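Engineer: Kindly produce the complete structure, drawing on both the sequences and the hints.
Listed here are the chains, written in short residue letters.
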Amino acid sequence: MVAVEQGVKSLILLPITARDRMLGMLSLISVKTGHFTADRVQLLTGIADGLGIFLENAELNEEVSLELELRRRSEEQLRQQTEDLEALLGFARVAIGPGSLEEKLTSILEALRRISATNEVALRVPDPDNGSLVLVAETGDSDMTGRPKALTRGVSVKAFDLGEAVIANDYPSSPDDIADTVAKGANSMMALPVKTGHSILAIVVLISKHRYHFSPQLIARITSLGEGIGVLLENARLNHEVTFKEDLEQRRDTFVSVAFHEIRTPMAVIEGYSELLLNKTLPEHIKQESLERIHRNARSLSAIVDDMLNVSRIHSGKLTLDPKHVSLANLLAEVAASLEPIYVQHQIYIEIGAQVPPVFADVDKLNQILTNLVDNALKYSPDGGDITITATHDPKRDRVVVAIADEGLGIPPEDREGLFELFHRIRRPETAGIKGSGLGLYIVKEMLDLLNGEIWVESELGKGSTFFVSLPTK
Amino acid sequence: MSHKVLLVDDEDDILRLLELTMSNDSRYSLLLAKDGETAVELARREKPTVIFLDVLMPGIDGFQVCQTLKSDPETESSKVIILTALAQDFDRRKAEEVGADGFFTKPFSPAALLEKLDEVLGNSSG
Numbered sequence: 017m018v019a020v021e022q023g024v025k026s027l028i029l030l031p032i033t034a035r036d037r038m039l040g041m042l043s044l045i046s047v048k049t050g051h052f053t054a055d056r057v058q059l060l061t062g063i064a065d066g067l068g069i070f071l072e073n074a075e076l077n078e079e080v081s082l083e084l085e086l087r088r089r090s091e092e093q094l095r096q097q098t099e100d101l102e103a104l105l106g107f108a109r110v111a112i113g114p115g116s117l118e119e120k121l122t123s124i125l126e127a128l129r130r131i132s133a134t135n136e137v138a139l140r141v142p143d144p145d146n147g148s149l150v151l152v153a154e155t156g157d158s159d160m161t162g163r164p165k166a167l168t169r170g171v172s173v174k175a176f177d178l179g180e181a182v183i184a185n186d187y188p189s190s191p192d193d194i195a196d197t198v199a200k201g202a203n204s205m206m207a208l209p210v211k212t213g214h215s216i217l218a219i220v221v222l223i224s225k226h227r228y229h230f231s232p233q234l235i236a237r238i239t240s241l242g243e244g245i246g247v248l249l250e251n252a253r254l255n256h257e258v259t260f261k262e263d264l265e266q267r268r269d270t271f272v273s274v275a276f277h278e279i280r281t282p283m284a285v286i287e288g289y290s291e292l293l294l295n296k297t298l299p300e301h302i303k304q305e306s307l308e309r310i311h312r313n314a315r316s317l318s319a320i321v322d323d324m325l326n327v328s329r330i331h332s333g334k335l336t337l338d339p340k341h342v343s344l345a346n347l348l349a350e351v352a353a354s355l356e357p358i359y360v361q362h363q364i365y366i367e368i369g370a371q372v373p374p375v376f377a378d379v380d381k382l383n384q385i386l387t388n389l390v391d392n393a394l395k396y397s398p399d400g401g402d403i404t405i406t407a408t409h410d411p412k413r414d415r416v417v418v419a420i421a422d423e424g425l426g427i428p429p430e431d432r433e434g435l436f437e438l439f440h441r442i443r444r445p446e447t448a449g450i451k452g453s454g455l456g457l458y459i460v461k462e463m464l465d466l467l468n469g470e471i472w473v474e475s476e477l478g479k480g481s482t483f484f485v486s487l488p489t490k
Numbered sequence: 014m015s016h017k018v019l020l021v022d023d024e025d026d027i028l029r030l031l032e033l034t035m036s037n038d039s040r041y042s043l044l045l046a047k048d049g050e051t052a053v054e055l056a057r058r059e060k061p062t063v064i065f066l067d068v069l070m071p072g073i074d075g076f077q078v079c080q081t082l083k084s085d086p087e088t089e090s091s092k093v094i095i096l097t098a099l100a101q102d103f104d105r106r107k108a109e110e111v112g113a114d115g116f117f118t119k120p121f122s123p124a125a126l127l128e129k130l131d132e133v134l135g136n137s138s139g
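Those sequence lines, one after another, are chains A and B.
So that you can map any letter, position 460 of the first sequence is 476 in this note's numbering, and since no number is skipped, the others follow by simple counting.
So that you can map any letter, position 89 of the second sequence is 102 in this note's numbering, and since no number is skipped, the others follow by simple counting.
Calculated directly from the structure, the hints in this document are not laboratory data.
Note that the structure is a prediction, hence the values are computed from the model and not measured.
We put the beta carbon where it would ideally sit given N, CA and C, even for glycine.
Among these hints, one or two may not hold up.
[What the hints assert, rightly or not] Using 25 Å as the maximum straight-line C-alpha spacing, the simulated SDA-like pairs for lysine to any residue come out as follows:
id: 1; chain 1: A; residue 1: LYS200; chain 2: A; residue 2: LYS303
id: 2; chain 1: B; residue 1: LYS47; chain 2: B; residue 2: ALA100
id: 3; chain 1: B; residue 1: LYS107; chain 2: A; residue 2: PHE276
id: 4; chain 1: A; residue 1: LYS174; chain 2: A; residue 2: GLU243
id: 5; chain 1: A; residue 1: LYS303; chain 2: B; residue 2: LEU127
id: 6; chain 1: B; residue 1: LYS47; chain 2: A; residue 2: LYS225
id: 7; chain 1: A; residue 1: LYS200; chain 2: A; residue 2: SER240
id: 8; chain 1: A; residue 1: LYS395; chain 2: B; residue 2: LYS47
id: 9; chain 1: A; residue 1: LYS303; chain 2: B; residue 2: LYS107
id: 10; chain 1: A; residue 1: LYS225; chain 2: A; residue 2: ASP414
id: 11; chain 1: B; residue 1: LYS60; chain 2: B; residue 2: GLU132
id: 12; chain 1: A; residue 1: LYS395; chain 2: B; residue 2: GLY72
[What the hints assert, rightly or not] A partial selection of chain A residues facing chain B, derived with a Cβ cut-off under 10 Å:
id: 13; residue: ASP159
id: 14; residue: PHE276
id: 15; residue: GLU278
id: 16; residue: ILE279
id: 17; residue: THR281
id: 18; residue: MET283
id: 19; residue: LEU292
id: 20; residue: LEU298
id: 21; residue: GLU300
id: 22; residue: GLN304
id: 23; residue: GLU305
id: 24; residue: LEU307
Structural biologist: Encoded structure:
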């Protein structure tokens with residue numbers, strides 16, 4: 017009725033079919049009566065037939081491209097599955113092949129890093145004595161490796177506590193971030209518990225420099241590989257007949273043997289001069305000189321033993337922290353006052369900016385860190401000179417930066433590399449006679465890691481060095 | 014006759030201990046060096062009978078010094094006694110490899126060191 021009211025006088029409906037299948041309807045209308053003559057109906061029927069063929073082809077094409085897309089996806093899935101399977105077979109070959117446990121683990125981690133296209137992969141195991149997660153193997157870009165030895169917080173610890181994978185795809189904003197790791201350029205992190213039965217054997221930590229690196233697909237792949245790693249780690253461990261605990265103890269033994277070497281020199285001085293004093297009739301001034309040397313070396317021996325105990329606590333994760341807000345003005349004044357009487361030919365200046373807030377740290381540990389750095393600045397300035405300690409606030413990162421500058425010997429570039437490593441000492445003619453155990457800066461770095469602090473150095477040979485320490489304010 | 018004895022150690026306390034241990038005996042004339050380069054230079058110039066040689070020093074270490082002196086006909090006859098805080102078997106073997114005539118570990122007894130010196134000098138003069 018509506019069509020009539022609108023002036024429609026002629027109407028034709030033509031079915032569009034293909035191989036007896038109705039695909040649609042062609043409808044045409046005209047305002048003229050008798051518009052659809054026999055010729056026109058024939059022409060339009062031909063067009064409707066043509067449309068049928070056209071539509072059928074279009075439908076087929078769509079089906080084909082859909083099929084191609086599905087095939088492409090399944091091929092990609094197959095490729096990934098093959099790659100994962102090859103990786104697992106590779107892990108198995110590594111696990112039963114020759115090499116130390118550490119070499120095997122590194123090789124497995126490297127395969128995982130390649131597949132996940134991440135920048136660093138590390139493996140941590142729980143220390144049953146204190147619950148910290150201890151680094152046993154790592155591999156990755158040179159600017160990313162060198163992760164903290166023992167961790168008591170962070171994404172990996174969270175994964176261990178929860179017993180499930182934790183992903184921080186915007187790591188710098190994560191509540192579990194560690195400042196040093198952010199400083200190294202980490203933007204995404206995934207921590208995956210590796211289980212055997214119900215117990216967690218280890219945590220695999222994957223780090224990427226890109227934000228949102230871990231897509232749901234990648235997480236699923238890594239998780240399935242992680243399950244395989246668990247079985248293989250258990251086998252590797254059994255093959256070696258060495259538990260991870262034993263591995264840690266082995267590291268401690270190596271530490272003890274190197275540490276013994278460090279204490280032999282002051283022991284030699286104490287024993288040697290004592291024997292001279294006991295057995296020889298020495299002139300009075302030589303007796304006095306010998307006693308002074310014994311006293312100095314006894315102090316140095318005691319300092320080395322203290323340092324060794326600190327290293328041992330760090331390695332076992334037993335270093336307890338009691339962080340509070342600490343005013344740097346008081347602390348730095350204390351540090352300077354304790355050292356000034358020993359180094360009479362130096363002047364220590366302290367400059368603290370007006371807007372510097374208190375730092376959030378364990379006061380005893382921070383005292384130890386700053387004392388060590390100021391003591392180094394004094395020791396390595398044998399010809400005297402000023403030591404200037406400045407504290408400034410970096411409002412952008414809300415951190416306080418303490419700079420300890422000396423006018424001493426400076427550090428040659430080749431020695432800056434391993435400066436914070438265990439037992440690293442600069443052995444140059446100018447440093448002969450400067451006592452040290454090679455433990456101090458290592459302890460400083462490890463303690464700062466625990467305090468969410470950072471340390472770096474700038475130095476010019478013959479002009480002096482500046483050590484920078486960045487600390488959180490909350 | 015006075016024997017030249019070269020003492021080499023970068024630790025001032027140890028060098029002075031060696032010096033005090035031997036300085037009262039007129040049979041020895043002492044030479045002191047605080048690093049490997051000076052030790053080689055003094056050994057070539059002064060031809061000491063005995064050298065007490067530390068290992069870990071700035072620049073060339075004691076093992077390298079020993080090897081240099083033992084491979085040079087001018088200095089090979091100097092008796093070299095390694096005096097070191099490195100006390101592992103590996104270090105002992107290394108000392109033998111570079112041709113050292115004796116191996117003493119720190120801490121050491123000054124009296125025992127003098128006995129060793131007498132023994133070496135007895136052998137070298139006999």
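Engineer: All hints, please: hold or fail.
Structural biologist: Tested hints:
Only pairs whose Cα atoms come within 25 Å are accepted, and LYS200 (chain A) paired with LYS303 (chain A) is rejected, the gap being roughly 54 Å. This hinted pair checks out: LYS47 (chain B) and ALA100 (chain B) have alpha carbons roughly 21 Å apart, not beyond 25 Å. Taken as a hint, the LYS107 (chain B) and PHE276 (chain A) pair is honoured in the structure, with Cα atoms around 19 Å apart against an allowance of 25 Å. For the proposed pair LYS174 (chain A) and GLU243 (chain A), the alpha carbon gap of about 19 Å is at most 25 Å, so the pair holds.
This hinted pair checks out: LYS303 (chain A) and LEU127 (chain B) have alpha carbons roughly 20 Å apart, not beyond 25 Å. For the suggested pair LYS47 (chain B) and LYS225 (chain A), the alpha carbons sit about 48 Å apart, so the restraint of at most 25 Å is broken. For the suggested pair LYS200 (chain A) and SER240 (chain A), the alpha carbons sit about 28 Å apart, so the restraint of at most 25 Å is broken. Pair hint LYS395 (chain A) plus LYS47 (chain B) holds up; C-alpha atoms about 19 Å apart against a cutoff of 25 Å.
Between the alpha carbons of LYS303 (chain A) and LYS107 (chain B) the distance comes to roughly 37 Å, so the proposed pair goes past 25 Å and is violated. Between the alpha carbons of LYS225 (chain A) and ASP414 (chain A) the distance comes to roughly 23 Å, so the proposed pair stays at or under 25 Å and holds. A distance of roughly 19 Å separates the Cα atoms of LYS60 (chain B) and GLU132 (chain B); the hinted pair therefore holds under the 25 Å criterion. A threshold of 25 Å between alpha carbons decides the hint, and for LYS395 (chain A) with GLY72 (chain B) the separation of about 20 Å falls inside it, so the pair holds.
Taken as an interface hint, ASP159 (chain A) does not check out: its beta carbon lies about 30 Å from the nearest beta carbon of chain B, beyond 10 Å. The interface hint given for PHE276 (chain A) is met, as the beta carbon of that residue sits about 8 Å from the closest beta carbon of chain B, less than 10 Å. Of the supplied interface hints, the one on GLU278 (chain A) holds, with its beta-carbon coming within about 8 Å of a beta-carbon of chain B, less than 10 Å. A cut of 10 Å between beta carbons decides the hint on ILE279 (chain A): the least distance to chain B is about 9 Å, and the hint holds.
Nearest Cβ of chain B to the Cβ of THR281 (chain A): about 5 Å, under the 10 Å cut. The hint holds. With a least beta-carbon distance of about 5 Å to chain B, the hint placing MET283 (chain A) at the interface is held under the 10 Å criterion. Residue-level restraint check for LEU292 (chain A) holds (minimum Cβ-Cβ distance to chain B is 6 Å; threshold 10 Å). Checking LEU298 (chain A) against chain B: minimum C-beta separation of about 8 Å stays under 10 Å; hint holds.
Of the supplied interface hints, the one on GLU300 (chain A) is violated, with its beta-carbon coming no nearer than about 14 Å to a beta-carbon of chain B, more than 10 Å. A distance limit of 10 Å between C-beta atoms decides the matter here; for GLN304 (chain A) the minimum to chain B is near 13 Å, and the interface restraint is violated. Hint status for GLU305 (chain A): holds, given a least beta-carbon distance of 8 Å to chain B, under 10 Å. At a threshold of 10 Å, the smallest CB-CB gap from LEU307 (chain A) to chain B is about 12 Å, leaving the interface hint violated.
Checked against the numbered hints above, the structure violates hints 1, 6, 7, 9, 13, 21, 22, 24; every other hint is satisfied.
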